[in-house]
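Residue numbers (the numbering used here), protein chains in the order written: chain A, 742 to 1253; chain B, 742 to 1253.
Careful: at least some of the hints might be erroneous.
Pairs involving identical chains hold if they fit within one copy or between any two copies, as the list cannot separate such chains.
Dumping the calculated SDA-like pairs for lysine to any residue here, alpha-carbon to alpha-carbon at most 25 Å [claimed, not checked]:
{"no.": "1", "residue 1": "Lys1091", "residue 2": "Tyr1217"}
{"no.": "2", "residue 1": "Lys918", "residue 2": "Lys1052"}
{"no.": "3", "residue 1": "Lys907", "residue 2": "Glu1223"}
{"no.": "4", "residue 1": "Lys1011", "residue 2": "Met966"}
{"no.": "5", "residue 1": "Lys843", "residue 2": "Arg1025"}
{"no.": "6", "residue 1": "Lys749", "residue 2": "Gln974"}
{"no.": "7", "residue 1": "Lys749", "residue 2": "Ser1019"}
{"no.": "8", "residue 1": "Lys1208", "residue 2": "Val1081"}
{"no.": "9", "residue 1": "Lys1091", "residue 2": "Val1081"}
{"no.": "10", "residue 1": "Lys1208", "residue 2": "Val922"}
{"no.": "11", "residue 1": "Lys894", "residue 2": "Asp950"}
{"no.": "12", "residue 1": "Lys749", "residue 2": "Val963"}
{"no.": "13", "residue 1": "Lys847", "residue 2": "Ile748"}
{"no.": "14", "residue 1": "Lys843", "residue 2": "Gly906"}
{"no.": "15", "residue 1": "Lys776", "residue 2": "Val810"}
{"no.": "16", "residue 1": "Lys1011", "residue 2": "Thr1088"}
Rather than coming from a laboratory, the hints here were simulated on the basis of the structure.
Number of protein chains: 2
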Amino acid sequence: MKNNNEIKILKHKSIIKFEGKDFLGEVGIDGRIFKALTYARISVGVISQQSAENGLSVLVNESDSEKAVNCLINEFENERKSGKVNQIFSVNNVSVLGFVAKDFNKILSELARNNIFPLILNQVASENKVNIVVTSSQDQKAKNIIEAEIFAKPKTVHLAMIGHGKVGSVLIDQVLKSAEVIRNRKKIDLKIVAVANSRKMVFNKYGFDESWSDDLLVAENVSNMDSLIKFSQVNQLENLIVVDNTASTDFVKKYTLLAESGFDLVSSNKIFNTLSISEYRDFRHVLNKKNKKYLYETNVGAGLPLIDTIKLLHLSGENITRIKGVFSGSLSYIFNNFSVRVEKFSTILKEAMEQGFTEPDPREDLSGNDVARKLLILARELDLSNEFTDINIESLIPNQLAHLDKNDFLDNLDDLDAHFEEVKENQKENHVLRLVGDLHGDLQQEKGELDVQLISVPANSALGQLKGSDSIFEIYTESYGENPIVIMGAGAGAKVTARGVFGDILRLSENK
Amino acid sequence: MKNNNEIKILKHKSIIKFEGKDFLGEVGIDGRIFKALTYARISVGVISQQSAENGLSVLVNESDSEKAVNCLINEFENERKSGKVNQIFSVNNVSVLGFVAKDFNKILSELARNNIFPLILNQVASENKVNIVVTSSQDQKAKNIIEAEIFAKPKTVHLAMIGHGKVGSVLIDQVLKSAEVIRNRKKIDLKIVAVANSRKMVFNKYGFDESWSDDLLVAENVSNMDSLIKFSQVNQLENLIVVDNTASTDFVKKYTLLAESGFDLVSSNKIFNTLSISEYRDFRHVLNKKNKKYLYETNVGAGLPLIDTIKLLHLSGENITRIKGVFSGSLSYIFNNFSVRVEKFSTILKEAMEQGFTEPDPREDLSGNDVARKLLILARELDLSNEFTDINIESLIPNQLAHLDKNDFLDNLDDLDAHFEEVKENQKENHVLRLVGDLHGDLQQEKGELDVQLISVPANSALGQLKGSDSIFEIYTESYGENPIVIMGAGAGAKVTARGVFGDILRLSENK
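Just chain A, with the same shape it has in the complex (with noise of 0.2 Å):
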């Protein structure tokens, strides 16, 4: 017996195109144009006609293609001559992939979010067949893609993990651990296949496992997207992501270079957000044409459900009139033990630093510009305009201690508790210190107030119970009143930040 699932390949074939000016479909053209490829003795393929445009394709034999635009220039001299025919030409080089599907047309939207656009393509829809001509350079991956659909196999999504540092190390150890569970389950084939740092970048087309450190330990390629660009096409490699896990400025440039190139991008790296909103804007241009997608869920409140849950409010037309809450993980701890506990601040810094809470120079916490940074960019999900250098943002830092080196900087952490203390004792009775970000005003114009700033709150409030290294975030809307949601919780840490990220990848995975 037949089976009828086989992917029959054919390669080494060339299109004939036959282009004319609104005659085909006359009586007689047809038979004419197989007629003279009948007496050159030339097997025809797959025969594609159109008859609101003017072509026809066939496809024949390499071997036979330039007998076959011969013989058809001799049929057509006078029409030629006559500007009735335009071009008769051969397109060599490509094969044709024959199949049996029955969803055909999610195997079509596979292959295009793939970037491969069939050169033709038959599809007879009773018995379900289906024929598509590509570049031989294509095969392969088209191969793959068609398989995974009508078989029902896993597909395959490639990751490129661009740093592995704590969170991008951890997060390559929950996707080989996790991999098989979500191949069982979702029938998606999650493989890395590169891994780069900012120096080094290694690739392995089959997917890497556990030791994947060691490799890129022993790896040689220099960390370039191009490499990874074309890594990718010469290995015809389909639904691919790049995660950004590192903080580089850099980095960041290639952005649109890689939506262009095919793959959609997932970032818990916060810089791109927080660039000029022109470049913010003209890459979402760039996205929304690529039909690729852009996920950053970790960017602020790590793995805390924060950014869809506004995207979705915003867009179904609630009106959210206030963002305010803790928005760093490290400012959290230092504040929530400062207030309650009788110890000197720099004392609690140096704990919270200890603790990896902080920086390794706390003043970039301690300059409420990564607060900023994330108040930015709930803000630009409102649609609302606003430049990093809106936001008013009463640092920790005194102006004394701003231009030390690091070093000097540390060995005077003392020069901190004088004025900490006196904020700390001018509280109302049964209040304490919170570090918040506050996204306020009229949200209907163009641009919000942001305001990064130490406050004095009851003990007993939302804000005031928090605890540990927490974030919390409170939403207010129209509809929600008086009592905003609240979403409350570990905003960061490399195992929930990682863990967020791969919410994305999943988000990403689900629709290819």
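Given the structure of chain A, go ahead and fit chain B onto it with the hints provided.
Below, chain B alone, put in the same frame as chain A:
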């Protein structure tokens, strides 16, 4: 100048099908076919032949179809006798649509999602020219979909709103109010084309405006899903979503039929998801097979982003170890107030009834069944196989009041007071009462443990801090450790529930 973007539509065509055994592609066969048609003076339109399978289809005018079949039968008389040619026949009543499209594949998936599968489909990529042949009964719908794509016109999404009680009518208003912004920003045109209650149903293929309720008032159609399906077919409506804002046990029986008829589903109605696990899973298989989606974010926690968050965490391999919280707005109000005020339980209960927080018969709240249903829905998101009967529910209704009729029960609310006063008094200091749902146990097993019970918690805990009629959900996972993700806010109410349903509609519309 010719407008390249025009969609040409040719009606009254027939497909002539010619099927043989492995001999197409032989030199001369095509020549004989077209010679025979030429002699019969039949003009040929679209031609489609496939190399890897046996079949050639040509398009002719419907008036020529009989003649075409006969002349081919004559030409291939010998081959028919020998069995080399199996069949020659015509398919009448088809239309050709010809157009130029860059993202042709997008168009095809749009067509497929709308149950349009072209009978013949020819594409020549270099010129982006496409021909599709469809049955005449689908040609207008196909044209609309193609136009929306190639002119980047807003894509129309057709909504059928079932139920126009509190949530349903607020949702209709929200959709009408936001439609223009969504059309401009997202190129999605939301049209409400059907509104139904349990008795009547009204249709408007152009979309209802604010006067929908007047239209329903004078409607004469009996509410019936077969009519809805027929209406969608007769009017060739694409992108169909049925929205269930009823609490009907009957209507959920129609879900499978609707999915099979091309509708996606959005539901605030919890009933389907609490049927037996086999019905629950059978429906998921149908959805999967038909490539349809079913979203129900508002089943638990109204507009709070709970179900989507749990889904993604679970799928990304995050080990969810416990979900616990106050799931019911009415019971939240009752115990938040009873715990801190010096009032009788019945007094607080009456307040809750007066403010519209409870069902007309408050025993439906006090029974714990509503909380139990929500708990079951969350458990099933984690792939647990629990049934409703597996849930340990602590009912708050004493036996002697359980079987009274409603009015007798309402006359005897005082009988509740002694018991709850005792429970309140027996707490530790600074503790408060909360009615919680708790999913725990080893959630890697087939079933988890589901408890609905009244517990006493410290007043300064997250649960203890709950205010008003807010809901709170604590999601404990391996990565988040001892500090859960907390999602809190209004978990009931028409406005926020409607906004959550709207969010689901947008999730579906964006992926269409």
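To see whether the hints hold, each was checked on the structure:
Taking the shortest alpha-carbon separations for Lys1091 and Tyr1217, neither the intra-copy value of 35 Å nor the inter-copy value of 29 Å comes in at or below 25 Å. In this assembly of identical chains, Lys918 and Lys1052 lie within 25 Å of each other by CA distance solely across copies; the values are 18 Å between and 31 Å within a copy. In this homomeric assembly, Lys907 and Glu1223 come within 25 Å of each other (Cα to Cα) only across copies, at 21 Å, whereas the closest approach inside a single copy is 39 Å. For the homomeric pair Lys1011 and Met966, the shortest alpha-carbon distance inside one copy (19 Å) is at most 25 Å, but the shortest distance between copies (48 Å) is not.
With identical chains, the CA atoms of Lys843 and Arg1025 are at most 25 Å apart between copies only, with a shortest distance of 20 Å across copies and 34 Å within one. When the C-alpha separation of Lys749 and Gln974 is checked against a cutoff of 25 Å, the pair qualifies only within one copy, where the shortest distance is 23 Å, while the shortest distance between copies is 37 Å. When the C-alpha separation of Lys749 and Ser1019 is checked against a cutoff of 25 Å, the pair qualifies neither within a copy, at 48 Å, nor between copies, at 39 Å. Taking the shortest Cα distances, Lys1208 and Val1081 sit within 25 Å of each other both inside one copy (11 Å) and across copies (24 Å).
In the homo-oligomer, the alpha carbons of Lys1091 and Val1081 lie at most 25 Å apart inside one protomer (17 Å), although the nearest pairing across protomers, at 41 Å, exceeds that limit. Proximity of Lys1208 and Val922 under a CA criterion of 25 Å is satisfied in neither setting, with 34 Å inside one chain copy and 40 Å between copies. Taking the shortest Cα distances, Lys894 and Asp950 sit within 25 Å of each other inside one copy (21 Å), while across copies they are farther apart (46 Å). For the homomeric pair Lys749 and Val963, neither the shortest alpha-carbon distance inside one copy (39 Å) nor that between copies (53 Å) is at most 25 Å.
Taking CA atoms no more than 25 Å apart as the test, Lys847 paired with Ile748 passes in both settings, with 16 Å inside one copy and 23 Å between copies. Within a single copy, Lys843 and Gly906 get their C-alpha atoms no closer than 45 Å, and across copies no closer than 41 Å, so neither meets the 25 Å cut-off. Taking CA atoms no more than 25 Å apart as the test, Lys776 paired with Val810 passes in both settings, with 14 Å inside one copy and 21 Å between copies. In this assembly of identical chains, the alpha carbons of Lys1011 and Thr1088 never lie at most 25 Å apart, being 30 Å within a copy and 52 Å across copies at closest.
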